[in-house]
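Engineer: Each chain is listed here by its residues.
There are 2 protein chains.
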Amino acid sequence: MAPSPREASPKLQQAMEACRETVNKTMSSLLPGTELAEAPLFDGMRYAVLSGGKRLRPFMVMEGARIFGVDAARARRVAAAVEFIHSYSLVHDDLPAMDNADTRRGKPSLHKAYDEATAILAGDGLQALAFDVLANPETHEDPRVRIELVGLLASAIGPHGMVGGQMLDMIGEKQEFDVGTISRLQRLKTGKLIAFCCEAGAILGKANPAHRQALRNYAHDLGLAFQVTDDLLDAEGNAEEMGKPANQDGKKATFVTAMGREQARARAEMLVEQAVGHLRVFDAGRTDLLKDLAYYVLKRRL
Amino acid sequence: MAPSPREASPKLQQAMEACRETVNKTMSSLLPGTELAEAPLFDGMRYAVLSGGKRLRPFMVMEGARIFGVDAARARRVAAAVEFIHSYSLVHDDLPAMDNADTRRGKPSLHKAYDEATAILAGDGLQALAFDVLANPETHEDPRVRIELVGLLASAIGPHGMVGGQMLDMIGEKQEFDVGTISRLQRLKTGKLIAFCCEAGAILGKANPAHRQALRNYAHDLGLAFQVTDDLLDAEGNAEEMGKPANQDGKKATFVTAMGREQARARAEMLVEQAVGHLRVFDAGRTDLLKDLAYYVLKRRL
Numbered sequence: 023m024a025p026s027p028r029e030a031s032p033k034l035q036q037a038m039e040a041c042r043e044t045v046n047k048t049m050s051s052l053l054p055g056t057e058l059a060e061a062p063l064f065d066g067m068r069y070a071v072l073s074g075g076k077r078l079r080p081f082m083v084m085e086g087a088r089i090f091g092v093d094a095a096r097a098r099r100v101a102a103a104v105e106f107i108h109s110y111s112l113v114h115d116d117l118p119a120m121d122n123a124d125t126r127r128g129k130p131s132l133h134k135a136y137d138e139a140t141a142i143l144a145g146d147g148l149q150a151l152a153f154d155v156l157a158n159p160e161t162h163e164d165p166r167v168r169i170e171l172v173g174l175l176a177s178a179i180g181p182h183g184m185v186g187g188q189m190l191d192m193i194g195e196k197q198e199f200d201v202g203t204i205s206r207l208q209r210l211k212t213g214k215l216i217a218f219c220c221e222a223g224a225i226l227g228k229a230n231p232a233h234r235q236a237l238r239n240y241a242h243d244l245g246l247a248f249q250v251t252d253d254l255l256d257a258e259g260n261a262e263e264m265g266k267p268a269n270q271d272g273k274k275a276t277f278v279t280a281m282g283r284e285q286a287r288a289r290a291e292m293l294v295e296q297a298v299g300h301l302r303v304f305d306a307g308r309t310d311l312l313k314d315l316a317y318y319v320l321k322r323r324l
Numbered sequence: 023m024a025p026s027p028r029e030a031s032p033k034l035q036q037a038m039e040a041c042r043e044t045v046n047k048t049m050s051s052l053l054p055g056t057e058l059a060e061a062p063l064f065d066g067m068r069y070a071v072l073s074g075g076k077r078l079r080p081f082m083v084m085e086g087a088r089i090f091g092v093d094a095a096r097a098r099r100v101a102a103a104v105e106f107i108h109s110y111s112l113v114h115d116d117l118p119a120m121d122n123a124d125t126r127r128g129k130p131s132l133h134k135a136y137d138e139a140t141a142i143l144a145g146d147g148l149q150a151l152a153f154d155v156l157a158n159p160e161t162h163e164d165p166r167v168r169i170e171l172v173g174l175l176a177s178a179i180g181p182h183g184m185v186g187g188q189m190l191d192m193i194g195e196k197q198e199f200d201v202g203t204i205s206r207l208q209r210l211k212t213g214k215l216i217a218f219c220c221e222a223g224a225i226l227g228k229a230n231p232a233h234r235q236a237l238r239n240y241a242h243d244l245g246l247a248f249q250v251t252d253d254l255l256d257a258e259g260n261a262e263e264m265g266k267p268a269n270q271d272g273k274k275a276t277f278v279t280a281m282g283r284e285q286a287r288a289r290a291e292m293l294v295e296q297a298v299g300h301l302r303v304f305d306a307g308r309t310d311l312l313k314d315l316a317y318y319v320l321k322r323r324l
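As given, the protein sequences belong to chains S and U, one line each in that order. Counting in my numbering, the first sequence runs from 23 upward without gaps. Counting in my numbering, the second sequence runs from 23 upward without gaps.
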């Protein structure tokens, strides 16, 4: 039977599944566990991280690292750190004062499964844990590499990155943004972390500036394409594909509300072609899966 | 006029005031500012950090660094990072789902002055900014020093540190703890960050292990003494001294509820003497203010 157009190619699917399994194991070993009185915090952190998810960001880290022959065990620690950050951001975004989402990945969101205090603290703890993992010598023996990862991640998720983007997102619920501001919102909210994911392999592998820039450019275009297709999926009300209630962003400024479906679709296609183009500087064999990933992002909405 | 027993010695008072001013300037220069749409986030971060406070933690960083002749501009960046973390923890602790505190340092808490979403995000952003500041080469030219600071801070404020302590604190509202668990709660919630503050100077100054351990011990005893006197102040209902509504911790497990006022008082005195004792390994002239600080912590409750 031919794969449904929404599915990834068998090769990509297999690779993503393998990545998901190994990174889940790494994350589970890095997450705290205890019989002590604060156990609900640790349980909440595990619930937030290990309740499914495609692990797209870890996959980008692992594939970026593979280009430069980086040891997979090291790359997995960075992949885990990134997913801790992504999970924390989802937990805080779901809070009643933010998006007020009762479900996430088809399960109760953390503050519903536990309570709000645990959700706030689990998110806070996951952010700290991510930096703890990066700072550990097991991530890379060269402290310059580790501190570069820390600095880049901190800036990607701080007020000039993810948190600033989330603030814009909240403001966008009450106020209409133009396409320029929506682009900036997405670059901050999701683009900078995705750029970190793609760039991390180049940092771990001490790649030359041109190679590093190529991955940054790939991430930039792919991140934007990803957001445009997310907006399209949401506008088309495909809850199954999204893993969260559809049309949640109904009141929010999105690419679809700003430029219409047809233009948004054309924009996503152009961005994916651009993203793939940036990979030409590498040996083709090393970037097959990153190319497949880009086309997969696009296919999701066909 | 003789100073009131609650006041610090004139010399300590002057030094703390000078530290407060310079660190406030450093923090203000490190905090984001913008005319862009996400400005409320940046305003919230500034409100959280620059709305007063004694800056005890920055003072510990600066005085610890002075022992080893560390450049003050570098130490101030670490002091700022620590205060960003402390401020974030206060903002999140004040949230309705946590301590539900309407005021902080005599002003509306951040979620009252702005809203809950801004408070959650401002806290998240301050945590990221702290790591961003530590990772920057301006903090120290040696990446090994910077990554050591990052790793120690991340572990001090993560699930096995501050966030774990805050979780215990929430659980302690519904459940009675014994003195052992209360001690652990405080070591996690406030002790580990205070230990980082005192140890940071030794890391910046590449001090020998014995000197570093001495500061860690000083911090351990001082941190515990600080918490016991805080519990005493709260039990005695001194809102002015606390800068927050008194008896807020009425339902919580504290040293006073666990061991009674007299024993708590005696414990605090013993801890301060122990703390001062650890400083004997240093030239007396270099630790005068850290000794004064220890006695000041004790005097607060006389």
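Treat the hints as calculated values from the structure; they're not laboratory data. Take these hints with a grain of salt, some might be off.
Note that identical chains are pooled: a pair holds if it fits in a single copy or bridges any two copies.
BS3-like mimics (lysine-lysine), calculated; alpha carbons at most 30 Å apart, straight line [said to hold, decoys possible]:
#	residue 1	residue 2
1	129	196
2	33	321
3	321	76
4	134	313
5	196	134
6	228	313
Engineer: Honestly, which of those hints from before does the structure not fit?
Structural biologist: 4
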